[in-house]
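Engineer: Residue numbers (the numbering used here), protein chains in the order written: chain A, 1 to 311; chain B, 312 to 633.
Rather than coming from a laboratory, the hints here were simulated on the basis of the structure. We treat Cβ as the ideally placed atom computed from N, Cα and C, and that holds for glycine.
Label-pair restraints from in silico Cβ distances:
{"hint": "1", "chain 1": "A", "residue 1": "Asn269", "chain 2": "B", "residue 2": "Ile445", "range": "34 to 44 Å"}
{"hint": "2", "chain 1": "A", "residue 1": "Asn192", "chain 2": "B", "residue 2": "Phe329", "range": "20 to 30 Å"}
{"hint": "3", "chain 1": "B", "residue 1": "Glu497", "chain 2": "A", "residue 2": "Asn269", "range": "13 to 23 Å"}
{"hint": "4", "chain 1": "B", "residue 1": "Val379", "chain 2": "A", "residue 2": "Asn269", "range": "49 to 59 Å"}
{"hint": "5", "chain 1": "B", "residue 1": "Met476", "chain 2": "A", "residue 2": "Phe72", "range": "24 to 34 Å"}
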Amino acid sequence: MIFLYIILIFAAAAGFAWLFRAGLVAVLPRNAAMLFGSMPLTASFGLLMVLLYVFMAIFAPVIAPFGEAEVFDKFNALPGDDPRFLLGTDQIGRDLLTRLIYGGRNTIGIAFVTTCLAFFLGAFMGFLAATVGGWLDQLLSRGVDALMAIPQLIFALLLITIVGQSTLNMILVIAVLDSTRVFRLARAVAVNIVVMDYIEAAQLRGERLPYLIFREILPNAAAPLVAEFGLRFCFVFLLIASLSFLGLGIQPPLADWGTMVRDLSQFINFAAFAPLTASLPLMAAGAIALLTVSVNFVVDWMLHRSSGLKE
Amino acid sequence: MSGFGADLFRLVLKRLGFGLLTLIVVSLIIFGAVELLPGDFAEEILGQGATPEAVAVIREELGLDQPVVTRYFSWLGGALTGDFGISFGNQRSVAEQLGPRFANTLFLALVAACISVPLAVGVGILAALYRNSIFDRLANITTLTSISSPEFFVAYILILFLAVMNPIFPSLSNVSSGLDFGTRLERTMLPALTLTLVVTAHMMRMTRAAIINLLASPYIEMARLKGVSPARVIVRHALPNALAPIINVIALNLAYLITGVVVVEVVFVYPGVGQLFVDSVKIRDIPIVQACCLIFAATYILLNLTADVLSILSNPRLRHPK
Numbered sequence: 001m002i003f004l005y006i007i008l009i010f011a012a013a014a015g016f017a018w019l020f021r022a023g024l025v026a027v028l029p030r031n032a033a034m035l036f037g038s039m040p041l042t043a044s045f046g047l048l049m050v051l052l053y054v055f056m057a058i059f060a061p062v063i064a065p066f067g068e069a070e071v072f073d074k075f076n077a078l079p080g081d082d083p084r085f086l087l088g089t090d091q092i093g094r095d096l097l098t099r100l101i102y103g104g105r106n107t108i109g110i111a112f113v114t115t116c117l118a119f120f121l122g123a124f125m126g127f128l129a130a131t132v133g134g135w136l137d138q139l140l141s142r143g144v145d146a147l148m149a150i151p152q153l154i155f156a157l158l159l160i161t162i163v164g165q166s167t168l169n170m171i172l173v174i175a176v177l178d179s180t181r182v183f184r185l186a187r188a189v190a191v192n193i194v195v196m197d198y199i200e201a202a203q204l205r206g207e208r209l210p211y212l213i214f215r216e217i218l219p220n221a222a223a224p225l226v227a228e229f230g231l232r233f234c235f236v237f238l239l240i241a242s243l244s245f246l247g248l249g250i251q252p253p254l255a256d257w258g259t260m261v262r263d264l265s266q267f268i269n270f271a272a273f274a275p276l277t278a279s280l281p282l283m284a285a286g287a288i289a290l291l292t293v294s295v296n297f298v299v300d301w302m303l304h305r306s307s308g309l310k311e
Numbered sequence: 312m313s314g315f316g317a318d319l320f321r322l323v324l325k326r327l328g329f330g331l332l333t334l335i336v337v338s339l340i341i342f343g344a345v346e347l348l349p350g351d352f353a354e355e356i357l358g359q360g361a362t363p364e365a366v367a368v369i370r371e372e373l374g375l376d377q378p379v380v381t382r383y384f385s386w387l388g389g390a391l392t393g394d395f396g397i398s399f400g401n402q403r404s405v406a407e408q409l410g411p412r413f414a415n416t417l418f419l420a421l422v423a424a425c426i427s428v429p430l431a432v433g434v435g436i437l438a439a440l441y442r443n444s445i446f447d448r449l450a451n452i453t454t455l456t457s458i459s460s461p462e463f464f465v466a467y468i469l470i471l472f473l474a475v476m477n478p479i480f481p482s483l484s485n486v487s488s489g490l491d492f493g494t495r496l497e498r499t500m501l502p503a504l505t506l507t508l509v510v511t512a513h514m515m516r517m518t519r520a521a522i523i524n525l526l527a528s529p530y531i532e533m534a535r536l537k538g539v540s541p542a543r544v545i546v547r548h549a550l551p552n553a554l555a556p557i558i559n560v561i562a563l564n565l566a567y568l569i570t571g572v573v574v575v576e577v578v579f580v581y582p583g584v585g586q587l588f589v590d591s592v593k594i595r596d597i598p599i600v601q602a603c604c605l606i607f608a609a610t611y612i613l614l615n616l617t618a619d620v621l622s623i624l625s626n627p628r629l630r631h632p633k
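If we strip away everything but chain A, and leave its shape as in the complex, we get (with noise of 0.2 Å):
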């Protein structure tokens, strides 16, 4: 029974996959169109579910029945208790189904801010290191080995101790940890750039550092980057999702899946006799899943593509 429902549910991705790149196809010119159109399933399924994700993120408001720290006055309702609240309200009465929402659209945008600053602060610092050269080199090198040499969650969880529990103070230590590994990237891809003719061209004009860095480097090495990106966001958003289940990330009123999960997962137990119950923190957490695997999909075949292999 429950392989017959599997079986479906791909039957139905597949489906969908299909039917958004024959759109695509259709829709787009000549050029996109012979591009998307050779793309796998897969990587059409997650583009399609990327999108969808960042539909709901920014039209939360409009989507989302209630205000997000809205309550009412029937707390630890069950999904089908009240034609009001499709899925139940919380044990302070917040409508369950609009705090889902609004928290994709909190642990989706935190996420996305935080893996921006890593990017900044990770290439700006490779970039940086791999010009200049030298002491700098060496000291940022070395620095970010001992940094990288600490497990993340260990040393996030160290952070935070010390810097004390909120939003900000998540998202920084995150950006900061994260920026060890754009760092790694950015100076390896640079280090390459700098050698080239036209880099020695422009010190020659007598350019200063900041042109070398945003008008000659970034430039050049703006695809590894770009395809990086992906997987960073992925992994700054289980991170997040992973302390916030922890109790440790974003904190409350703020609605997110991560504390969602672990709030909701008492109701699981209920899976012989409330199925639509139990699957609450199911719900949050297939949420975070699901959008991880699609933003893998689509890297992986833009790697596939960019990297020329044809196996």
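For this one, chain A is given, so just place chain B on it according to the hints.
Structural biologist: This is chain B only, laid out in the frame that chain A set:
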């Protein structure tokens, strides 16, 4: 020949020395980060009631009136002998709270490793052999999905199917020291399976990539061309050379278990180091947080070090020099 042996020895020794250096730097970071805390522990503990006299008394009690360097060395010295100081939360010794939990976490990680390593290597080799078949694609999608899922999602799915709908294993891992091995294993099974699923995916993908990489090399093509059977190509030609990358993959992923263990222990209320760590972060119990951090980081570094040394030792080019 002897010169070569010395070379290998020197290489390993150099790697070990580098690992030791990393450990020292990490301990410095863990200790130093806490120094950045605005104010100090004494004010932190007392909170509202921090009169100058009370703060001074606590400072002296905790040894905070000593200079930083002295404190670092006494902390490091204590840590090396298993003495991590006194917890702020309940005034009990950190080592006493950590000891039994460390054994529990080790047990959990061991069970997970025993299941995941053979599984991942087996499936990885099969996927590499039959690549682009239905089996390979299915394995690819499944592993990509389980890598992308947060640990707690995998955990709750397992609870749903293996504890609630079909009550095979208990959903809460109530492990205590008096249990016999069988019961203990049964209660540890769900967290171990969760970790297995997450780690196997990484390990399997990396094994597959390593083998595929290898199968593309000329000597494998040569073996095929001279008519060696596929099974023999794998066992005689591919596996000995794949050993180094596979060992590397295993050690790296066991290191990955460390991060996974924190979340998984919280989901299953498993009495291990990870849970203590998270609880201590919430109440800002610095000595415990430092100790847990040091333990996790040291394990991580040691596993990575083992991976490096083993891959040096299993490199045929180094063992049989020209």
